[in-house]
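2 protein chains.
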Amino acid sequence: MTAANSGHLVTAALLVIGDEILSGRTKDKNIGYIAEYLTALGIDLKEVRVVGDEESEIVTALNALRARHTYVFTTGGIGPTHDDITAECVAKAFGVAIDHDPRAVKILSERLAQTGGEMNEARMRMTRIPAGADLVHNKVSAAPGFWLGNVIVMAGVPTIMQAMLDEVAPRLKTGVRMLSETVRADCREGDIGTPLGEIAKAHPEVAIGSYPFFDEKRGPNTNVVLRARDQAKLTAAKTAVEEMVKRVRAAL
Amino acid sequence: MTAANSGHLVTAALLVIGDEILSGRTKDKNIGYIAEYLTALGIDLKEVRVVGDEESEIVTALNALRARHTYVFTTGGIGPTHDDITAECVAKAFGVAIDHDPRAVKILSERLAQTGGEMNEARMRMTRIPAGADLVHNKVSAAPGFWLGNVIVMAGVPTIMQAMLDEVAPRLKTGVRMLSETVRADCREGDIGTPLGEIAKAHPEVAIGSYPFFDEKRGPNTNVVLRARDQAKLTAAKTAVEEMVKRVRAAL
Numbered sequence: 001m002t003a004a005n006s007g008h009l010v011t012a013a014l015l016v017i018g019d020e021i022l023s024g025r026t027k028d029k030n031i032g033y034i035a036e037y038l039t040a041l042g043i044d045l046k047e048v049r050v051v052g053d054e055e056s057e058i059v060t061a062l063n064a065l066r067a068r069h070t071y072v073f074t075t076g077g078i079g080p081t082h083d084d085i086t087a088e089c090v091a092k093a094f095g096v097a098i099d100h101d102p103r104a105v106k107i108l109s110e111r112l113a114q115t116g117g118e119m120n121e122a123r124m125r126m127t128r129i130p131a132g133a134d135l136v137h138n139k140v141s142a143a144p145g146f147w148l149g150n151v152i153v154m155a156g157v158p159t160i161m162q163a164m165l166d167e168v169a170p171r172l173k174t175g176v177r178m179l180s181e182t183v184r185a186d187c188r189e190g191d192i193g194t195p196l197g198e199i200a201k202a203h204p205e206v207a208i209g210s211y212p213f214f215d216e217k218r219g220p221n222t223n224v225v226l227r228a229r230d231q232a233k234l235t236a237a238k239t240a241v242e243e244m245v246k247r248v249r250a251a252l
Numbered sequence: 001m002t003a004a005n006s007g008h009l010v011t012a013a014l015l016v017i018g019d020e021i022l023s024g025r026t027k028d029k030n031i032g033y034i035a036e037y038l039t040a041l042g043i044d045l046k047e048v049r050v051v052g053d054e055e056s057e058i059v060t061a062l063n064a065l066r067a068r069h070t071y072v073f074t075t076g077g078i079g080p081t082h083d084d085i086t087a088e089c090v091a092k093a094f095g096v097a098i099d100h101d102p103r104a105v106k107i108l109s110e111r112l113a114q115t116g117g118e119m120n121e122a123r124m125r126m127t128r129i130p131a132g133a134d135l136v137h138n139k140v141s142a143a144p145g146f147w148l149g150n151v152i153v154m155a156g157v158p159t160i161m162q163a164m165l166d167e168v169a170p171r172l173k174t175g176v177r178m179l180s181e182t183v184r185a186d187c188r189e190g191d192i193g194t195p196l197g198e199i200a201k202a203h204p205e206v207a208i209g210s211y212p213f214f215d216e217k218r219g220p221n222t223n224v225v226l227r228a229r230d231q232a233k234l235t236a237a238k239t240a241v242e243e244m245v246k247r248v249r250a251a252l
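As given, the protein sequences belong to chains A and B, one line each in that order.
Our numbering applies: residue 1 is where the first sequence begins, and numbers increase by one.
Our numbering applies: residue 1 is where the second sequence begins, and numbers increase by one.
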């Protein structure tokens with residue numbers, strides 16, 4: 001797909017942290033959710049990485065990604081156990097101190113008073129927040145995420161991550177929203193590939209992707225997806241694709 | 001999780017290629033499948049990256065990953081349209097030529113003769129294979145993937161990717177298989193975090209992860225997952241975790 005042009009690009013990367021994703025034990029549900037969510041906000045998700053619970057891997061990925069994008073979102077590794085090392089890694093990546101944060105201690109203590117759990121060393125781990133970070137509130141289970149520089153640290157459990165994303169969304173810079181149209185080609189991808197490439201070249205500000213799928217009725221079929229931030233340019237490209245697929249189908 | 005030790009480590013990275021994953025339009029199903037598949041073979045998936053259909057992104061990721069791992073698997077970008085640029089990017093990363101491969105042309109021509117499609121410029125794109133690569137056969141839709149150096153290039157469509165993985169699996173070097181045990185703690189993650197950390201420290205060759213989940217009956221609950229390549233070490237750590245959770249539950 002050729003890149004669409006915009007003067008208002010806001011980009012993001014996602015860093016998924018957790019051995020359980022790499023072993024296949026847990027199937028990630030956050031990548032697709034966050035991708036769709038950011039796209040709807042006009043933020044371009046440009047890159048995703050999944051790494052295990054290893055400090056050097058996490059710190060290296062954080063530093064690579066935060067230098068390149070408006071925002072870096074992370075999921076996972078902020079629970080109470082020894083394998084939850086995300087907060088430490090973020091502090092290390094930024095070169096700042098990390099300690100128990102009084103705001104986080106207060107939030108967690110209040111929740112524990114309600115639910116009857118006791119504060120202990122493990123739970124205190126969840127109050128360790130890098131110096132200078134804002135808290136990201138967690139309506140589901142209280143233990144907060146945080147936002148430091150351009151890095152937004154969220155839980156790995158999907159319901160908690162989603163609540164945290166709703167919490168930060170109103171404060172995110174957003175770009176011009178990407179508009180999208182889909183043309184169902186009713187022919188095979190290989191039948192339209194050549195003329196579709198010509199249309200893509202003639203419409204450089206529209207990102208055109210081609211996605212084969214299996215249609216119960218017709219057999220192999222293709223969706224052409226067009227994306228642009230300018231409605232007129234999008235419509236022009238869509239019309240060109242619609243006329244092209246008509247011609248191709250007539251010739252088959 | 002602390003890394004488990006083995007003299008027989010075979011590692012892999014996965015590079016998922018496609019704008020449609022980053023926009024959220026298509027929800028990736030390959031990461032979890034490949035993670036589980038490689039784990040069962042004794043191959044450690046160490047890193048996953050998702051990048052868009054942009055040459056510089058793909059080439060950079062390929063070169064970073066292939067230098068670090070026994071194998072790099074890629075999914076996506078080998079179809080017949082202008083946005084399918086994976087084969088070109090692999091050739092570029094390796095600094096080798098790319099051209100229509102007579103073996104691939106033969107396979108595709110035979111399939112088209114059966115299905116009644118015609119060979120054209122777009123379909124010929126799918127026969128472009130970097131010099132020196134072996135083909136990876138595709139029982140589903142014929143157009144092959146390929147294997148060059150330590151990089152294995154597969155389709156993005158899950159059914160086709162899965163067939164290709166079955167095709168290459170018998171030829172992969174595999175490590176000692178990771179063994180795994182799960183202990184259901186029947187208490188909250190924060191209740192066991194401190195003693196679990198001590199067990200993890202005392203059993204450095206067993207990777208211990210802690211995964212909270214919501215139990216309809218009990219409310220917040222935790223699975224402790226232990227992984228090791230040595231059965232005796234795994235059993236010793238599992239026993240330690242079982243005794244610990246009994247003690248913690250008795251004290252609650």
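The set of hints was computed from the structure by calculation and includes no laboratory data.
If you're wondering where the values come from, they're calculated on a predicted model, not measured in any experiment.
Take the hints with a grain of salt, since some may be wrong.
[What the hints assert, rightly or not] With a Cα cut of at most 25 Å, we get these calculated BS3-like pairs of lysine-lysine:
hint : chain 1 : residue 1 : chain 2 : residue 2
1    : B       : Lys92     : A       : Lys29
2    : B       : Lys201    : B       : Lys173
3    : A       : Lys27     : B       : Lys29
4    : A       : Lys217    : B       : Lys27
5    : B       : Lys139    : B       : Lys173
6    : A       : Lys27     : B       : Lys92
7    : A       : Lys233    : A       : Lys217
8    : A       : Lys29     : B       : Lys139
9    : A       : Lys29     : A       : Lys201
10   : A       : Lys217    : A       : Lys173
11   : A       : Lys29     : B       : Lys238
12   : B       : Lys27     : B       : Lys173
13   : A       : Lys27     : B       : Lys246
14   : B       : Lys246    : A       : Lys139
15   : A       : Lys201    : A       : Lys173
16   : A       : Lys217    : B       : Lys201
17   : B       : Lys92     : A       : Lys201
18   : B       : Lys201    : B       : Lys233
19   : B       : Lys106    : B       : Lys139
20   : A       : Lys139    : A       : Lys27
21   : A       : Lys238    : B       : Lys139
22   : A       : Lys27     : B       : Lys106
23   : A       : Lys92     : B       : Lys201
24   : B       : Lys233    : B       : Lys217
25   : A       : Lys217    : B       : Lys29
Violated hints, by number in ascending order, as checked against the structure | 1, 2, 6, 7, 8, 9, 10, 11, 12, 13, 14, 15, 16, 21, 22 and 24
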